[in-house]
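**Q** Read in order, the letters of the sequence shown are residues -20 to -1, 1 to 585 in mature numbering (1 follows the signal peptide of the UniProt record, and there is no 0).
For the record, the hints were derived by calculation from the structure and aren't laboratory data.
Yeah, the Cβ is synthetic: ideal placement off N, Cα and C, and Gly gets one too.
There could be a bad hint or two in this list.
Straight-line alpha carbon distances no greater than 20 angstroms define the calculated DMTMM-like cross-link-like pairs of lysine to aspartate or glutamate that follow [as the list claims (entries may be wrong)]:
| # | residue 1 | residue 2 |
| --- | --- | --- |
| 1 | K259 | E281 |
| 2 | K524 | E539 |
| 3 | K271 | E146 |
| 4 | K379 | E341 |
| 5 | K362 | D297 |
| 6 | K252 | E341 |
| 7 | K104 | D11 |
| 8 | K489 | D501 |
| 9 | K155 | D92 |
| 10 | K505 | E493 |
| 11 | K253 | E341 |
| 12 | K485 | E574 |
| 13 | K302 | E326 |
| 14 | K392 | E341 |
| 15 | K312 | D372 |
| 16 | K496 | E539 |
| 17 | K382 | E281 |
| 18 | K567 | E529 |
| 19 | K174 | E146 |
| 20 | K312 | D329 |
| 21 | K578 | E538 |
| 22 | K291 | D323 |
| 23 | K382 | E326 |
| 24 | K104 | D17 |
| 25 | K524 | D501 |
| 26 | K302 | E341 |
Pairwise CB distance ranges, derived in the manner of DEER restraints [to be verified]:
| # | residue 1 | residue 2 | range |
| --- | --- | --- | --- |
| 27 | Q213 | L486 | 44 to 50 angstroms |
| 28 | K392 | P447 | 19 to 25 angstroms |
| 29 | S161 | K542 | 20 to 26 angstroms |
| 30 | S138 | E350 | 50 to 56 angstroms |
| 31 | P447 | E292 | 55 to 61 angstroms |
| 32 | N581 | S53 | 52 to 58 angstroms |
| 33 | S339 | G270 | 28 to 34 angstroms |
| 34 | K376 | S50 | 56 to 62 angstroms |
| 35 | T65 | S138 | 41 to 47 angstroms |
| 36 | P221 | K542 | 23 to 29 angstroms |
| 37 | S161 | Q213 | 40 to 46 angstroms |
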Amino acid sequence: MRKLIIILMALIAYSTQALADKVSFTASAPDAVVVGDQFRLSYTVSTQKVKDFQAPSIKGFDVLMGPSRSQQSSTQIINGSVTSTSSITFTYILMANTAGDYTIGGASIVADGNQMVSNSVRIKVLPQDQSNNSTQNSSAHSSSSTSVSNQDLFITASASKTNVFEQEAFVLTYKIYTRESNLQLNNAKLPDFKGFHSQEIEMTTNAKWTPEHYQGRNYYTTVYRQFVLFPQQSGKLYIDPAQFQMTVGKPVQSADPFDAFFNGGSSVIEIKKSIATPKIAINVNPLPAGKPADFAGGVGEFTISSSINSKELKTNDAITIKLVISGTGNLKLISNPEIKFPDDFEVYDPKVDNQVRLSREGLTGNKVIEYLAIPRHAGTYKIPGVSFSYFDIRSKSYKTLKTEEYVVNVGKGAGNADQVIANFTNKEDLKVLGEDIRYIKQNEVSLQPRGSFFYGSTTYWLFYIIPALAFVIFFFIYRKQATENANIAKVRTKKANKVATKRMKLAGKLLSENKKDAFYDEVLKALWGYISDKLNIPVSRLSKDNIEEKLRNHGVNEELIKEFLNALNECEFARFAPGDENQAMDKVYSSSIEVISKMENSIKH
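Construct all of the structure, not just a fragment, from the sequences and the given hints.
**A** Listed below in structure tokens is the structure:
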């Protein structure tokens, strides 16, 4: 009985601890605010068994109210399983009074008998707009007119460095600044980066808009694209301007009494705006004179190491030496260092594996090079170490690194080297010569009656008849398939609407689940796939530039063509528009279904 009580108490203690482990205590606040703005600082604990809440020291902000305490609880029943959640939130109302970057430490609380500390929060306080009243009035007038000023919407192109060496990496960033709330990117034409090796930094497809103070004004900003560039030649190189086509939706006062009654007296007009980034000059310095003989073209910061699979082996066994070049720089552009194997070794081309990731300083990671060689004669051999030179960015000088040398003992394997013929070009097996005498076969012999011949027998004629029948059957099947293949275009055209409908159903499911990126991808696949099947033109040959001509040739009217192109543009760039995401997704979904339906009734075959 005593053991049972002890086990029961242990289970209760374990359950209590498990529940305690699930309790969370988190702080939340906006990432950025403007001087004079009021905002909420909240601390939420996921249990209602709390006491001794202790707030941290709040510096740099005026505490207008708090902490106010509120309780939340909910119960869910899913498939007969009942789950309940409860929490308590402590809220402060703060006001920012001085620009700068601030950190508010974590608060402490006793929750379910355990002392807990929340995370800290970082808040960037932006200064107020430094525009005078006349500028504000001008801006207000512009916001209600039919134009968008270059101060309210622009795109910058900035290089992290403008004075670099050959092959030295730097980052090019395209960033959107806007004071408009309804923004859509229609088209972007980036330069070809002539004179540079470029690699794009992967970014999340969901654009994140953050407040930023720029040249005395506050904007919402997002990074559009980023590239890591490696200059391939010295001299003054230029990054040409990028061209952007954007649409801004602006509210205007309407004189129509119906608009005044139903829409509050205003409507939205779309304003097209072309934006070009300035040309950027990059001064590329040549690498200093006196390059080492073993310079491999590396620019950055690197280390090198080597390893060997075995120092004791037999003739005709493979030996592998692995070199690993690690660091940050132009890793992919570095030439492979040379290993000087003995003459009695048959050497293969090295296998290279780039295990790198893109960073602001270039490519970071490892370049793994494996060298394979096969010794043909027994003996003791010395494989010298590898010398690797590169240009160090920090010290602005050449550095040379060396790996260790290896002494390999090769024993005599089966056979000898003179008897071995290896054709490693076509990967045939090894052949042993010198055996020109073959023994008489001593297996049992099968005898046939005299006068029994294969020629003229039933089996003999079947060898002719069966292939002939097979050829005739294959010929008719091939003709039938060729006829069917000739109608593939017609089949694709008939199934175009069905395939598009299937994709739009999946997009509708993604819409209900609020999976924004997957939703836009599926709608785009539906639109491009539908028009590709309907016109019997591969998607790779379709673009916004030629799709208008293709549709016009198939009898589609101009208004419907424009509506289809607008649906593509809305879908591709709605993710960049700040505002209500659900409303934007609903609009894209309904307009795409409508334009596919209209196209199905309009297009001619």
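**Q** Indicate, hint by hint, whether the structure satisfies it.
**A** For each hint, the structure was consulted:
A distance of roughly 30 angstroms separates the Cα atoms of K259 and E281; the hinted pair therefore is violated under the 20 angstroms criterion. For a cut-off of 20 angstroms, the pair hint linking K524 to E539 stands: about 15 angstroms separates their Cα positions. Only pairs whose Cα atoms come within 20 angstroms are accepted, and K271 paired with E146 is accepted, the gap being roughly 13 angstroms. Restraint check for K379 and E341: satisfied, since their Cα atoms lie roughly 19 angstroms apart, inside the 20 angstroms limit.
For the given pair, K362 sits about 17 angstroms from D297 by alpha-carbon distance, which is consistent with the 20 angstroms threshold. Our distance criterion of 20 angstroms between C-alpha atoms is broken by K252 and E341, whose separation comes to about 37 angstroms. Restraint check: the Cα-Cα separation between K104 and D11 comes to about 6 angstroms, which is no more than 20 angstroms; the hinted pair holds. Under the criterion of a C-alpha separation no larger than 20 angstroms, the hint pairing K489 with D501 is consistent with the structure, at around 13 angstroms.
Taking the CA atoms of K155 and D92, the gap is about 47 angstroms. The hint is violated against a cut of 20 angstroms. Between K505 and E493 the alpha-carbon distance is near 19 angstroms, which keeps this suggested pair within the 20 angstroms criterion. Distance hint between K253 and E341 is unfulfilled; the C-alpha atoms sit about 34 angstroms from each other, more than 20 angstroms. The suggested pairing of K485 with E574 holds, with an alpha-carbon distance near 14 angstroms, which does not exceed 20 angstroms.
As the CA atoms of K302 and E326 are separated by approximately 17 angstroms, the hinted pair is consistent with the 20 angstroms bound. Simply put, K392 and E341 have alpha-carbon atoms about 50 angstroms apart, too far for the 20 angstroms limit, and the pair is violated. Proposed proximity of K312 and D372 is supported: the alpha carbons are some 16 angstroms apart, at most 20 angstroms. The suggested pairing of K496 with E539 is violated, with an alpha-carbon distance near 29 angstroms, which exceeds 20 angstroms.
About 15 angstroms separates the Cα atoms of K382 and E281, which keeps this hinted pair within 20 angstroms; it holds. Between K567 and E529 the alpha-carbon distance is near 26 angstroms, which puts this suggested pair outside the 20 angstroms criterion. Restraint check for K174 and E146: satisfied, since their Cα atoms lie roughly 14 angstroms apart, inside the 20 angstroms limit. Simply put, K312 and D329 have alpha-carbon atoms about 17 angstroms apart, close enough for the 20 angstroms limit, and the pair holds.
Proximity of K578 to E538 is assessed by CA-CA distance (about 13 angstroms); at most 20 angstroms being required, the pair is judged to hold. Under the criterion of a C-alpha separation no larger than 20 angstroms, the hint pairing K291 with D323 is consistent with the structure, at around 17 angstroms. About 24 angstroms separates the Cα atoms of K382 and E326, which puts this hinted pair outside 20 angstroms; it is violated. In summary, the hint linking K104 to D17 is supported, as the alpha carbons are separated by about 12 angstroms, within the 20 angstroms threshold.
Between K524 and D501, the direct Cα distance comes to roughly 17 angstroms. Compliance with the 20 angstroms bound is thereby established for this hinted pair. A hinted pair counts as satisfied when its Cα atoms are at most 20 angstroms apart, and K302 with E341 does not qualify at roughly 26 angstroms. Checked against the hint of 44 to 50 angstroms, the pair Q213 and L486 passes, with Cβ atoms roughly 49 angstroms apart. The hinted range of 19 to 25 angstroms is not satisfied by K392 and P447, whose Cβ atoms lie roughly 54 angstroms apart.
For the pair S161 and K542, the beta carbons lie near 25 angstroms from each other, so the given range of 20 to 26 angstroms is met. For the hinted restraint 50 to 56 angstroms between S138 and E350, the CB-CB distance of approximately 40 angstroms leaves it violated. For P447 and E292, the hinted distance range of 55 to 61 angstroms is satisfied, since their beta carbons lie about 58 angstroms from each other. The given range of 52 to 58 angstroms is respected by N581 and S53, whose C-beta atoms sit roughly 53 angstroms from each other.
In this structure the hint that S339 and G270 lie 28 to 34 angstroms apart at CB holds, the actual value being about 29 angstroms. Separation of K376 from S50 is about 60 angstroms and conforms to the stated range, judged on CB atoms against 56 to 62 angstroms. Range check, T65 to S138: about 46 angstroms between beta-carbon atoms, so the 41 to 47 angstroms window is met. Taking the beta carbon of each, P221 and K542 are about 28 angstroms apart, inside 23 to 29 angstroms as hinted.
Checked against the hint of 40 to 46 angstroms, the pair S161 and Q213 passes, with Cβ atoms roughly 45 angstroms apart.
In summary, the numbered hints that this structure violates are 1, 6, 9, 11, 14, 16, 18, 23, 26, 28, 30.
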